[in-house]
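Chemist: Listed below, chain by chain, are the residues.
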Amino acid sequence: MRTTAVIIGAGQAGLAMSRRLTERSIDHVVVERGEIANSWRTERWDSLRLLTPNWMTRLPGRAYNGPDPDGHASASEVAAFIDRYSTAISAPVQTGTTVTAVTATGDGYEVRTDRDHWRCRAVVVASGACNLAAVPPVADDVPPGIAVLTPLTYRNPADLEQGGVLVVGASATGAQLAEEIHRSGRPVTLSVGEHVRLPRTYRGRDIFWWTDRAGILDERHNEIDDIVRARNLPSPQLIGSRSGRSIDLDTLADHGVAVVGRLVGIVGDTAQFSGSLPNICALADLKANRLLSRLDEWAAGAGLEGDLGPPERLPPTAVATSKPVLERDLRQAGIRSIVFATGYRPDLSWLRLPVFDRRGRIRHDGGMVDDAPGIFVVGHPVLRRRRSSYIDGTVRDSAELSRLLHSHLDRRVQVGVR
Amino acid sequence: MTITDTPVDNGVNTEALLGARQALSEAPEAAAFTWRARCRWVHGTHSTSTIEGFSGLGAEHQHRKAFTFEIDHPEVFASQDLGATPVETVLAALAGCLTAGVAAVAQHREIQLRSVTATLEGDMNVLGILGADPSVRNGFEGIRVRFDIDADASSDDIRALVAQSQKRSAVFDIVTNPTAITVEVA
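Residue numbers (this note's numbering), protein chains in the order written: chain A, 1 to 418; chain B, 1001 to 1186.
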């Protein structure tokens, strides 16, 4: 079958692009392996809520308009929001259709699925950035008898045996899972590598009020000093909750979570943790306070001082100065499960094009894949701007990428006419 | 008095380092270096380590000259004290690595350094190496590093320099994280 563009994935990013292509009268189809918003329905733990407040849940032509703009949507609420959006924009979605291969043809691309095969001139890769858990090689050395999980397989603490749990990674995911597992009566050890500390509220406002208004989320990919690093940073230590509470290493330690350094090895039953924890915490503290100074400067410049509480600085992470734990006998410590919250990566194994770097990451310039003109990526962290990491990023990313896709099609037509 | 805007110069060629980072990212095989040391026993606990050549960038390289390090133990260990102890040499290596990092990061961040002094202390319970208490490790219980830095920068910027230097330091990584070691007898 033929169409002009195939969008792979009917999540927020793919549907935003569908709406933009419809606006431009570009014929297209959206193929989706499962249901609309499939990852939100099937690949998230039960208690997950968005880090962003509801007022930031925006898609092209639609924004949250419920009664709780400062609340945080659950995964099923996000799925319902995306589902209603798909209906509202009459997106041409084929659910239950798994892409098996995308290959180059003479004049474009072929998208093979387990149902139809499509020939098209442009492909929008909107299949998500979190399809697979990125687990470090040390996971291979976990002694037998200790369960290994990832955030893609974990649903709730009842999935875990009674007993201790080692959570590896202190991103939003790792910090949240450490907290809820520890509260379930399973004592948690949290292994901490590089992380991003961020207060939930600052001077009386939500942190996203600040980063949204101060323009930080609009920093573009080509203005960021080290874009590879920015795209691979762990998510900030935040939790969406009714109380608006902060979550960081010290709040977790106050609950009784044992905070240790990065997991660097397992020899026999002994897990080894890096002695670099104080520096890792110093880096995160300095970076968080640099951001707060920047926000203060912006607020002063914008004449908002009167509406805000006094400037503050985060105290140094206290747990970093306590006596470090460098190794722990997993069996003696009663650890029955290890959750590797060490990040995600996309599964693009079906993309049969020379577009990957030597580490297997797709090369793109703000979503445009230069090695394969007509291939576009959407819905990846810091794709075109910092905001791209959030649902809200789809609004401007899709506006710009649909324009670039359109001009790609125009260019091709001109070549054909000549 | 006039203030002239002199460029920051800590003697580090950051353009070359950034160029190398770019070039080696695209040619990862050239980034594989092997460092070497050769140690010859002299007498008692005294030995001499010599460092001459290394490989990297796809070729063999020689230092401008052979560097030698006398290594021994002090008289309180009934030795002749003809050189620093091996563990002091580790402290020296850590200090050298972190200090080089401070200079390089400062150059990159356009911070002029006036003086940098690192003071290191490593605590050790020698019952470990004497085999007198199996619960005591051989190595350091902990290492303390104090930097005194005089530079054209705020205290937070100086802290950030030192933190970034640790983050990018090879010896800091070697000391804080395990390394697989194979030893064979020829």
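No lab work stands behind these hints: they were computed from the structure. Quick reminder that beta carbons are idealized off the backbone N, C-alpha and C, glycines included. Among these hints, one or two may not hold up.
Unchecked claim - Pulled from the structure, derived: some chain A residues nowhere near chain B, Cβ distances all over 10 angstroms:
| id | residue |
| --- | --- |
| 1 | S184 |
| 2 | T201 |
| 3 | R262 |
As the list claims (entries may be wrong) - Straight-line Cα separation of at most 25 angstroms, DSS-like style, residue types lysine-lysine; simulated pairs:
| id | chain 1 | residue 1 | chain 2 | residue 2 |
| --- | --- | --- | --- | --- |
| 4 | B | K1167 | A | K323 |
| 5 | A | K323 | A | K287 |
| 6 | A | K287 | B | K1065 |
Chemist: Work down the list of hints and note, for each, if the structure agrees.
Modeler: Hint by hint, here is what the structure shows:
1. S184: holds (31 angstroms)
2. T201: holds (22 angstroms)
3. R262: With a cut-off of 10 angstroms, R262 (chain A) comes too close to chain B, as the shortest Cβ separation is near 8 angstroms.
4. B:K1167 x A:K323: holds (20 angstroms)
5. A:K323 x A:K287: OK: K323 (chain A) and K287 (chain A) at ~24 angstroms, within 25 angstroms.
6. A:K287 x B:K1065: violated (42 angstroms)
Taken one by one, the earlier hints fail for this structure at numbers 3 and 6, listed in ascending order.
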